[in-house]
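Those sequence lines, one after another, are chains A and B. Quick note on our numbering: the first sequence kicks off at 1 and runs consecutively. Quick note on our numbering: the second sequence kicks off at 143 and runs consecutively.
In short, the hints are calculated from the structure, not lab data. For every residue, glycine included, the Cβ atom is placed at its ideal position computed from N, Cα and C. Any given hint might turn out to be false.
[Stated by the list, open to error] Using 25 Å as the maximum straight-line C-alpha spacing, the simulated BS3-like pairs for lysine-lysine come out as follows:
(1) A:Lys127 x A:Lys95
(2) A:Lys15 x B:Lys218
(3) B:Lys218 x B:Lys252
(4) A:Lys28 x B:Lys164
(5) A:Lys28 x A:Lys125
(6) B:Lys164 x B:Lys218
(7) A:Lys28 x A:Lys122
(8) A:Lys95 x B:Lys218
(9) A:Lys29 x A:Lys15
(10) A:Lys88 x A:Lys127
(11) B:Lys218 x A:Lys29
(12) A:Lys15 x A:Lys127
[Unchecked claim] Short, incomplete list of chain A residues facing chain B, as computed with Cβ under 10 Å:
(13) Gly56
(14) Gly79
(15) Asp117
(16) Lys122
[Stated by the list, open to error] Here are some chain A residues the structure puts well away from chain B; computed CB gaps all over 12 Å:
(17) Leu2
(18) Arg38
(19) Val70
(20) Ser76
(21) Gln78
(22) Gly90
(23) Met107
(24) Asn115
(25) Gly126
(26) Phe132
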Amino acid sequence: MLERQFHVKANDFVKAGEASIEVQGLLKKIGFDPGLIRRVSICAYEAEMNVVMHGGDGEMTLSLDADRIVLECRDSGQGIEDIGLALKPGYSTAKPEHQEMGFGAGMGLPNIEKNADSLEVKSEKGKGTHLFMIFNAGGESG
Amino acid sequence: MGMTLGELVRLVEADVFVGREKLDLVFEYCTASDLMSDVLRGPTEGSLLVTGLNNTQVIKASVIANIAAILLVRRKWPNEDLVTKAGEHEIPLLKTPYTMFTVCGKLYQKGIRGVDELIG
Chain A
1 MLERQFHVKA
11 NDFVKAGEAS
21 IEVQGLLKKI
31 GFDPGLIRRV
41 SICAYEAEMN
51 VVMHGGDGEM
61 TLSLDADRIV
71 LECRDSGQGI
81 EDIGLALKPG
91 YSTAKPEHQE
101 MGFGAGMGLP
111 NIEKNADSLE
121 VKSEKGKGTH
131 LFMIFNAGGE
141 SG
Chain B
143 MGMTLGELVR
153 LVEADVFVGR
163 EKLDLVFEYC
173 TASDLMSDVL
183 RGPTEGSLLV
193 TGLNNTQVIK
203 ASVIANIAAI
213 LLVRRKWPNE
223 DLVTKAGEHE
233 IPLLKTPYTM
243 FTVCGKLYQK
253 GIRGVDELIG
């Protein structure tokens, strides 16, 4: 069992995305299947960017063994008012300045839902969000 | 099928900022967007990204999406950070005077297809 924790800072667009690239690099080094690495990396990036844009500060934790990879992302930010709506492709609460930077496609959580084998979203308005993503690592090809 | 980066340079009169040593790299598919989560939606492995977004997030999202090369449209100059980041991750970075629509049309004419064809 290996565990790594990454601190994600709110509104730090210089560092934003670096933790996910580190996650990707780590998984490549271990030698996981490229398709699985892609799915985990996309989820990590989307989750990280959500924290940077909406989450206040947060922590992203990667834990893995040979059978599964778990990615957890906790933040103390504004929370999600309607999780069902946030999972709808195209729904976005991004500010105009985020959109100018290439975000706010309304595809963050939908991309996570598409790529994770299991996703649990817990959120309370004004208190923060907790994403729990599981990826099955055993026997995946391509 | 496919096109090399060198052929792309000639087709869209591109300047190469990073990746001059990779002009024989071949791509078959293209994704075009200014929104990075839209890029991450598709199967983008080894494809060309055509975008108007010229900040470092375009590089980070491209690393995550395994994009083969990035083409900036509408004469957008990449700043130094963007060029440095692209170099760090060894992702070819180019710019063209053409608009996104025109670039996509030119690429389609030459047989390059959208990543939606990979979804099946």
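message: Beyond 12 Å on every Cβ pair: is that true for A:Met107 relative to chain B?
response: violated, 4 Å
query: Regarding the assertion that A:Gln78 does not contact chain B, is the least Cβ-Cβ distance greater than 12 Å?
result: holds, 19 Å
query: If you draw a straight line from the CA of B:Lys164 to the CA of B:Lys218, is it 25 Å or shorter?
result: holds, 21 Å
- prompt: Taking C-beta pairs only, is A:Gly126 more than 12 Å away from all of chain B?
  reply: holds, 25 Å
message: Checking one constraint from the list: CA of A:Lys88 to CA of A:Lys127, max 25 Å. Satisfied?
response: holds, 22 Å
query: When you check the alpha-carbon spacing of B:Lys218 and A:Lys29, does it fall within 25 Å?
result: Violated, at roughly 35 Å.
message: Between the alpha carbons of A:Lys28 and B:Lys164, is the straight-line distance 25 Å or under?
response: holds, 22 Å
- request: Starting from A:Lys15, check that the Cα of B:Lys218 is at most 25 Å away, please.
  value: holds, 23 Å
message: Check the hint pairing A:Lys127 with A:Lys95 against an upper bound of 25 Å on the C-alpha distance.
response: holds, 19 Å
query: Does the claim that A:Asn115 lies outside the interface with chain B hold up, using a Cβ gap greater than 12 Å?
result: violated, 9 Å
message: Quick check on the hint: A:Gly56 CB to chain B CB, less than 10 Å?
response: violated, 20 Å
- request: Measuring Cβ to Cβ, find out whether A:Arg38 lies farther than 12 Å from everything in chain B.
  value: Its Cβ does come within 12 Å of chain B, the nearest being 7 Å, so this is violated.
This entry does not satisfy hints 5, 7, 11, 13, 14, 15, 16, 18, 22, 23 and 24, going by the numbered hints stated previously.
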